[in-house]
Each structure stands twice: as structure tokens, then as C-alpha cells.
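Dock chain W against chain H, hints included.
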Amino acid sequence: MSTNPFDREVRRKLKNYESPVSPDLLDKVLVRRQRRVTPFHSWGFRALFLGLVIFGGVAVWYGLSPNESREEIPVPKQQKSELQQPLAFFENQQEADLSEAVESVVEQNVFDREEKTVFSENSQTKAIAPRGNEHLKQARREQGEWPEASSSGVVAEQVLAADVEEEKSVWLGYQKGEEVPTEVAAEQRSAVSDKPAEGEAESIFLPTALLWKLPEEAKPVPRKFSLVPGPRCADFEQGVWQFFFDFTFSPDFALRSIRPKDEQSVPLALKRLETESAKQSYSLGAAFSSVSPKGMSFRTGFAYTQINERFAYQGDTEERIIISIIYDDQGQIIGTDTSYESYTPYYASSNVYRLFDIPVLFGYQLGLKKFALTFQGGTYINLFLAPEGTFFSPELQPVSFDEIPAFRKRASLSLAVAFGINYRLNPRLSLVFEPKFRYFFSPITTKDYLLEQQYMVVGLNLGAKLRL
Amino acid sequence: MTDRELIEGCIREERACQEELFRRYAGKLLSICRRYARHEMEAEDLLQDALIRIFDHLDKFEYKGSLEGWMRRITVNTALKNCNRSGFRKESIGIDAGQDQVVDPEAVSHLSEEELLHLIRELPEGYRLVFNLYAIEGYSHKEIAEMLDIKEGTSRSQLVKARKMLQDKIQALKTNYYEHKSF
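For the protein sequence lines, the chains are H and W, in the order given.
Going by the working numbering, the residue at position 248 of the first sequence is 248; the numbering climbs one at a time, nothing skipped.
Going by the working numbering, the residue at position 111 of the second sequence is 111; the numbering climbs one at a time, nothing skipped.
Please keep in mind that the hints were generated in silico from the structure rather than gathered at the bench.
Just to be clear, a hint being listed does not mean it is correct.
[Claimed, not checked] Capping the alpha-carbon separation at 27 angstroms, the derived lysine-lysine pairs in BS3-like fashion look like this:
id	chain 1	residue 1	chain 2	residue 2
1	H	447	H	261
2	H	28	H	271
3	H	15	W	169
4	W	169	H	279
This is chain H alone, in the form it adopts within the complex (with noise of 0.2 angstroms):
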């Protein structure tokens, strides 16, 4: 405690002074208070709060287990050699030897999805031997389908897949001592180009090239065009389910509209758009979201959003006297200055508008090789509105927020649409760019204030989105 007396004069001075308090500020104290805490002593946001806990822990429990369906399973070496190279590795072998040699398969299904292929251990769809389709070979050669011999000069066994009914199996291959047609042989060749590593385990994909001549039953539904990418654009592995968590910042843009009710409104519409003005507002969001295998998306989370405005006005003229002590060398007083100025004092703040809101978006997914483009619309459902600053009441004079019943406790529903680029760093990292525009169907003022106060919020989406 100082000692100093002029301190301590001071000290007991204003130690127990009371100010005069205006009477009615403990209830603007608890109407903020009910305010702060009424959002979540709802059971409605409980629930959807515990809704969206389970959904990311399904999300983050489905990302980290096991899947064989979305594994690619290492095939042992030998194995995965002759596989690569089926030409050769049919040359070597007698007709009699196939149907024991290749024990490996191909899924049925994967005809299907025209997409990887996984040769899988629990798949045991055995493979059969040429001689089981010596008649649709026959069937087709009568019929001009089958690939007659060529001036290519390639030989070798024309390994196809067939579906036999009975034995619900397929068989790839070429019968050895038949000519293959130029175009297939290089197709087929293309297609087993990417020879793995030394000792690594990869996936392998079915050479499209095979199926040209599937028996019409087992051919695959032909697909002139589609949006889901071939294996080697396999990148964003559309075909399985996926499951994200992302994470974004954006600098917001506010636009606010304030239209008032009636005309007796209109100067305190004027003057709150003449005394306040925009700022840089931003939003953060956190969100897991789910992609099928055909590409549609949905995507929820936590989005908080910060509008910021400023609030400035100037006061009106007022006048002080400033008088100047004169002193001599010696420190005694030898007069005294008056001078008289007019000044007109200048307030400013910042007036923050804070809304935290559950984005509930639906959208596509379309995967290319790097990048994956999305498309997002959907509502954002706020869970309250936090309005915290100054404006000028219906007598124009500044009051703080809290003294005017003028905003909601929540927000109404908003519009918002999002298109997006997301640029793969990494098998699970993908950093986000994503524009987006956000609509409030209805002001964020109450029915009873004398203005409508509404706002459209563009920004930019900025962050990082991890595979689960």
C-alpha cells in the first residue's frame, strides 16, 4: 500500500465513493445474462449437438478401421508377377495348368465398378480352364467376332473373361497359337505397363482391353460417358464411401441492408447508415462430411461467423477553457493564461455481430487427378446470435446494444452455396479453396424494432481438409 500522501489523500478520497447508479442497469445486467446462456439449455441443440458427436465418432471410427473393401491387398510376389504379365506367363503354360495355376480372382463386381480391381484372399471364385469355352469361342468365331489371325504377329493365348453361369466363375486368357489383333495387343500391354516395385505390394488393375469380347451376359453395362474416374484417376477413390474432417478460415465480406418500417423510422434508419459502416468480418468452421461412391456429399459441423462494423459519430460542439500557468526562473507563479476552445469530440467503436451456426450442406464430389472439384448448398441453422456494440436508439441517441430489445436471440436459416477446389497434397491431406455466399432469409432484428437489419455474407473458405 503506498505511502505517499498525496496517495493516500487520494486513496481516502475515493476509496468508498459511490457513484450514482442508474437504477435500471441491474436489469439490463440480467437480461444479458439470460441472453448468454439460453442457447444451450435448449434440449433441441443438446440433441443436435450429440447428434453431431455421434456422427463424427461413426465418421472417425469408419476412417480408422480396417475396410477390405477399400484396402488394397498385397498380392505375394510370385503370384503378382504372373498376373502383370499374363501374356507371358499364359505362354508358359499348358491349358491343362490353368485352371490350378491361377487360383487368384476377380470379384464378379468388379466388372461392375469398372474400376481397381482387387484381387482379394477371400475371394475364392475359381478360375476355369479355356477348354470350358471352347463352344462360345466357337459361337463367336462363326459369328465374325472372334479375332481371327492377324499380320500383327503377335501370338499368343487370347485370355477374355467369361461368365459361366453354372460354375458362377470367370477365366482370363489367350489360347495359345491364336493371333491377336494389333490394337489389343497394345491395349493389353498399356494396360500392364506399370510394373510394381521390387518387393512391393500393389493392386491390380484389370486390363479394360480383356473385356472387348466378354460373352454379352457378363459384359459390363457400357458407360459412353462417366464422371467417375478410370483407375488412374483413382485419386479421390470415388467408388468408396469417404470421410472427411475439415477445417477452414474465411475472410467475410458483410453485406447489410437496413430498411426501416415506417416512415416515422427513417431518420434513425439514416443515421445508423450514416454512423455505421463495414468491416472485415471472418468466419471459422470445423465440419465432417461423407462422400458416396457415386459423389454426393454431406457435410456438417460448427461454423462461427464474426461480422464487424464500426460505429462512429461525432458529438456536438462543445467548448473548454484551458488556463496556463506562467512561471519565473526561480519557479514562482507570475501569471496565468486563459484561452477558450471549441472542440467536437469524435467516438468510435467496433460494433461485432457473432453467430455460431450448424452448416447442414449437401453437395457432389467429382474427383480428378489432383484435385477434386465440390459443389455444396444447404442451410446454416443458428444456434444464437451474439451482438455486442453501440447504435443510436429511436431518440438518436448512442446506446450500447443491451439497452434496446433491437436483435434476435438467434438468427433465421440461411441460404449458402459453396463451390470448391480441393488440391491433394497427400493421400489424406487436401488444402480447401472455396468460395461461398451466404444468404439470412430474414432480419436479425426483432418484430418489434423500428428497423430491418439483414446481411449477405460472401467469403472465402481457406483451410485444410483430412481423409479419415
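Same frame as chain H, now just chain W:
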């Protein structure tokens, strides 16, 4: 009604107890806020924030000291959260503190509380904070340095400058008063 009954009633959100607590202490707390705030509106905002924190945390009061002291600390902390710390750097440049001179305390006693509050509020922010914390609240320079995240030396020099500036203002006011009186 004792402080304990008052606290328990406020915890139960009883309006009568809240009003009584407000009636007893709001005036003193507002005086604190006015010393730290730049203008009346800010002081009232500070008081609202402080009262919200007080009502929110009354259940944590441990009855180890006086209720008033506990509320004062919360109010001061609320005011400090709101203050602009950058004021220290700006104000310490180019001002010569001079000697810490002793001024007749009688000069202060002739001022009204409102005048004194007004003069303190006219001090630059850094001066005002340190002077309030040291001279009126009774914190040490070490505590002030920790609270404001400044050096102890800065706190000392700001106090000296604040005291000098305040004394000058009081002197000027006194002179002005006698001049008007002589006419």
C-alpha cells in the same frame, strides 16, 4: 440480510437478493469503473460486465475475505481486460518525469470526488492504470507488472509521471478557482 444470505439468495437467482446486492455495492463498483474507463458509457459497460461475472461466479466465493473486496477485484480485473495495453509504449516516449515532488495533500481534500475522478480520467491510459492500481487499489509494482505484462521499472516510472501530471492538473484547477474567486 447478511452477506452470506445475500450470496445464497443470488445463487438461487432470487430477484430480491440480486437487487439488494446491487443496491449495496453497485455505486462503489461504478466508481472503480469510472476511474479506469475513458468515458461514462464505457464505465457503465464495464460495470455490467463486472456484475455479470460476479453473479456468474458467486458460488465460487469462499468467504475467506470480505465480499466487497472480492467484488472489487473482479471489477478491477474486468476493467484491465478492457484496457489498451499499447498505451504504455506511446506515452513513455519524450516525457520527462522530473522529480517525485511532494504536493500538499490539502490540495486534494479541497476537491470533490467527482472532480478528482474527472482529473484521473483525463490521465493517459498507461498513467491512469498504474496510478489506480498502485495508489488506490494498493497493488505493488511487482503485482502491477505481472497484471499488465510490463516491467516493474515501467510501472514505477508511469506512476511518477501520473502523479506529477495529476498534481499539475490539481494545481491548475486550484489556480483557476482562486482566479475566479478573486473576480
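Hint by hint, which ones does the structure fall short of? 4
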